[in-house]
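Which chain is which? The protein sequence lines are E and B, in order. Residue numbering for the first sequence follows the numbering used here, starting at 15 and increasing by one per position. Residue numbering for the second sequence follows the numbering used here, starting at 18 and increasing by one per position.
Just to be clear, a hint being listed does not mean it is correct.
[Stated by the list, open to error] If you only want the chain B side, here are some residues facing chain E, beta carbon under 8 Å, derived: (1) T44; (2) P48; (3) V116; (4) I119; (5) V120; (6) V153; (7) S156; (8) L165; (9) V167; (10) A171; (11) F176; (12) P177; (13) A178; (14) M181; (15) L272; (16) R296.
These are computed hints drawn from the structure, not numbers from a lab. In this text, a Cβ means the ideal position worked out from N, Cα and C, and glycines have one as well.
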Amino acid sequence: MRFAGLALVGFVALVAAGAPWLAPNPPDRRFADSLYAPPTAVHLVRASQGFGGAGLRAPFIYQQRLVSRLERRFEEDLRRPVPLRWLTGGRLVSVPDEEGPLLLLGADAFGRDIFSRLLYGARASLALALVATLAALGVGTLIGGIAGYAGGVVDDLLSRVTEFVLVLPAMYVALALRAALPLVLPAGTVFVILAAIFALLGWPIVARGVRAIVASEREREYVTAGQALGAGPWRMLARHILPSAAGYLAVQATLLLPAFILAEATLSYVGLGFPDTVPTWGTMLQDAANVSLVGQAPWMLAPAAAIFLVVFGVNLAVQGRGRAPVQLEL
Amino acid sequence: MIRVVARRLLFAVGLVLLVSSAALLLTRLAPGDLTAELGPFAAAREVAGTRARFDLDRHPVEQWVLWLSRAARFDFGDSFLYNRPVRELVARAAMNTAVLAIVALAAATALGIPLGLISGSRRGAAAALIRAVSLVCLSVPPLLTSLLLVFVAATTRWFPAGGMTSVDALDGRWSTWLADVATHLPLPAVALALPIAATFERLQAQSIAEALRQPFVTAASARGVAPREIIIRHAWRASLAPICGVYGVAIGALLSGSFVVEFVTAWPGLGRLMYEALRARDIYLVAGCAAMGGLVLAAGMLIGDMLQAAVDPRLRHRHTG
Numbered sequence: 015m016r017f018a019g020l021a022l023v024g025f026v027a028l029v030a031a032g033a034p035w036l037a038p039n040p041p042d043r044r045f046a047d048s049l050y051a052p053p054t055a056v057h058l059v060r061a062s063q064g065f066g067g068a069g070l071r072a073p074f075i076y077q078q079r080l081v082s083r084l085e086r087r088f089e090e091d092l093r094r095p096v097p098l099r100w101l102t103g104g105r106l107v108s109v110p111d112e113e114g115p116l117l118l119l120g121a122d123a124f125g126r127d128i129f130s131r132l133l134y135g136a137r138a139s140l141a142l143a144l145v146a147t148l149a150a151l152g153v154g155t156l157i158g159g160i161a162g163y164a165g166g167v168v169d170d171l172l173s174r175v176t177e178f179v180l181v182l183p184a185m186y187v188a189l190a191l192r193a194a195l196p197l198v199l200p201a202g203t204v205f206v207i208l209a210a211i212f213a214l215l216g217w218p219i220v221a222r223g224v225r226a227i228v229a230s231e232r233e234r235e236y237v238t239a240g241q242a243l244g245a246g247p248w249r250m251l252a253r254h255i256l257p258s259a260a261g262y263l264a265v266q267a268t269l270l271l272p273a274f275i276l277a278e279a280t281l282s283y284v285g286l287g288f289p290d291t292v293p294t295w296g297t298m299l300q301d302a303a304n305v306s307l308v309g310q311a312p313w314m315l316a317p318a319a320a321i322f323l324v325v326f327g328v329n330l331a332v333q334g335r336g337r338a339p340v341q342l343e344l
Numbered sequence: 018m019i020r021v022v023a024r025r026l027l028f029a030v031g032l033v034l035l036v037s038s039a040a041l042l043l044t045r046l047a048p049g050d051l052t053a054e055l056g057p058f059a060a061a062r063e064v065a066g067t068r069a070r071f072d073l074d075r076h077p078v079e080q081w082v083l084w085l086s087r088a089a090r091f092d093f094g095d096s097f098l099y100n101r102p103v104r105e106l107v108a109r110a111a112m113n114t115a116v117l118a119i120v121a122l123a124a125a126t127a128l129g130i131p132l133g134l135i136s137g138s139r140r141g142a143a144a145a146l147i148r149a150v151s152l153v154c155l156s157v158p159p160l161l162t163s164l165l166l167v168f169v170a171a172t173t174r175w176f177p178a179g180g181m182t183s184v185d186a187l188d189g190r191w192s193t194w195l196a197d198v199a200t201h202l203p204l205p206a207v208a209l210a211l212p213i214a215a216t217f218e219r220l221q222a223q224s225i226a227e228a229l230r231q232p233f234v235t236a237a238s239a240r241g242v243a244p245r246e247i248i249i250r251h252a253w254r255a256s257l258a259p260i261c262g263v264y265g266v267a268i269g270a271l272l273s274g275s276f277v278v279e280f281v282t283a284w285p286g287l288g289r290l291m292y293e294a295l296r297a298r299d300i301y302l303v304a305g306c307a308a309m310g311g312l313v314l315a316a317g318m319l320i321g322d323m324l325q326a327a328v329d330p331r332l333r334h335r336h337t338g
């Protein structure tokens, strides 16, 4: 079970890394005649034309035609099968421009390919979560390590701060901090800001655990031996004590990652995350916020499925270890 | 026990003070202020008047002290967005959130604890099924659940897709209003309750499994106590401490989760109000919402602690000793 979970997360990461190659269309390309177009079906069997030519063929699509712009009705042009093009133009699969578009998960309000945006969105969402997780682990390890090793007043003070931040409802703090900054910012700046906010909210959990581990390790003989041999506190911590917290940190990383993915999705969903031109899972969900439209174009909910897959994969991996589900409330 | 409660109360006061002050100063120091809501064509006199009305022409520290001294007399200032006292707005929104959160918590408890007892004390298909379902539920955060439920509601029209009341149910009678709210409540409540129920189920399953390994269980079964009796009367009680501890944390999760759910399902609660206030830089409304949030949080932790002390006598004695 644990392996299945890790495989799932690894698969999503691979897909994100290979997005430019795997995506059939550029994420920002607008197909003017495909607003809210349904997913393009990939066929293997040619629809019967009356002369009994049905049979298995290489995967192909029928070109989608806009029948009524007002009713958003689309029809497959059964007379023109378009074979999929493999490994051309630096893309795994595509169709020639004049016979397209190939929309595996349909199109959004601007006629953009949701499948391609999902793949590119995975890059932004996962990269942000990864950076924020590493930052949170770094800060948490540093503060927890200092508190646990120093003990006394320093420990008391740092532990109090840790507990205080831990108590705050993370979502509200993230919201308040993000709202306090200018609302319209370039994507790069938003990335840094969000990573910083998430790290700020995530470190206390790490710090508390690391502190406990360091505080108990500090009493062991090898630490006394190291100190007697003249090792300074930093060397002692970094080289000898912290390695024993590696397992704990790995578990924390797997818990923080989905929490941060969700946090990005939530913030972008309410309009306080990435600008809506940047494809991330959150901004894509925001496109799906209109209830009546989603009723007609349910494929807009695809990013929700993607988020679910990642969180589910992580939960599988963690549960496989037989550990309690400790979730950051986001 | 009394000393613990007193210390907790002091902590609560500090938390409320700190959180609301931080929110006030953060909003004040953020670029832009609420006069942006007046639009680009507002007269300079109007802008200046509005700034004066919300103390924005004073030094931030001076404004903070003013606000504190007024808050001590339960005057939390006015909201610019709604042009009404913050106290009134926050009280009403907090009520709405409380209804949602309490129903969700009750549902999560009623669902999670019994299922956890079953899946933690038995083997076989039923336990495996419960485990699998709760693993899936754990992976569906309120954001996704509420989006999905709203989608289902919009396509099937089985229940209202959002809001707390319908326009056509306003005949001024209590019973109509109550029935109307009751039809709107299930959607956000379920969205909020599912992941918490799953957390309860997993925790209860783990702790009952652990309790069943204790020597007193072996002793009881050796004396011939029926397995059902052992679980319900003996082991369950011993397994309750971690669950009660999680209640305090669950309040935070409810607060955070309720923001998302309120946003998606248009439930007029505290989270939505806070969001609107933050976006408009409606400074006193932000501070008021933050104060209420801090209060709820502190109360939740206090209740969680007391529950834990109530079920675990060891804890009670350690605190008094």
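Taking the hints in turn, this is what the structure says about them:
Among the interface hints, the one on T44(B) holds; its C-beta lies about 7 Å from the nearest C-beta in chain E, closer than the 8 Å criterion. Interface restraint check for P48(B): the shortest CB-CB distance to chain E comes to about 6 Å, inside 8 Å, so the restraint holds. Taking 8 Å as the C-beta cut-off, the interface hint given for V116(B) is violated, the closest approach to chain E being about 18 Å. With 8 Å as the threshold, the beta carbon of I119(B) stays out of range of chain E, its nearest partner Cβ sitting at about 17 Å, so the hint is violated.
The beta carbon of V120(B) is not positioned within 8 Å of any beta carbon in chain E (closest approach about 18 Å), and the interface hint is therefore violated. For the restraint placing V153(B) at the interface with chain E, the shortest Cβ-Cβ distance is roughly 7 Å, inside the 8 Å limit, so the hint holds. Here the hint on S156(B) is kept, as its CB sits about 4 Å from the closest CB of chain E, short of 8 Å. Interface restraint check: L165(B) against chain E, minimum CB-CB distance 7 Å, threshold 8 Å, status holds.
Annotation: interface hint on V167(B) holds; nearest CB of chain E at approximately 6 Å, less than 8 Å. Taking 8 Å as the C-beta cut-off, the interface hint given for A171(B) holds, the closest approach to chain E being about 5 Å. Contact between F176(B) and chain E, as hinted, is not supported at the beta carbon level, the nearest pair being about 13 Å apart and thus beyond 8 Å. At its closest, the beta carbon of P177(B) sits 11 Å from a beta carbon of chain E; the interface hint therefore is violated under the 8 Å criterion.
Residue-level restraint check for A178(B) holds (minimum Cβ-Cβ distance to chain E is 6 Å; threshold 8 Å). Annotation: interface hint on M181(B) violated; nearest CB of chain E at approximately 16 Å, more than 8 Å. For L272(B), the suggested interface contact is upheld, since its CB lies about 4 Å from the closest CB of chain E, less than 8 Å. Nearest Cβ of chain E to the Cβ of R296(B): about 6 Å, under the 8 Å cut. The hint holds.
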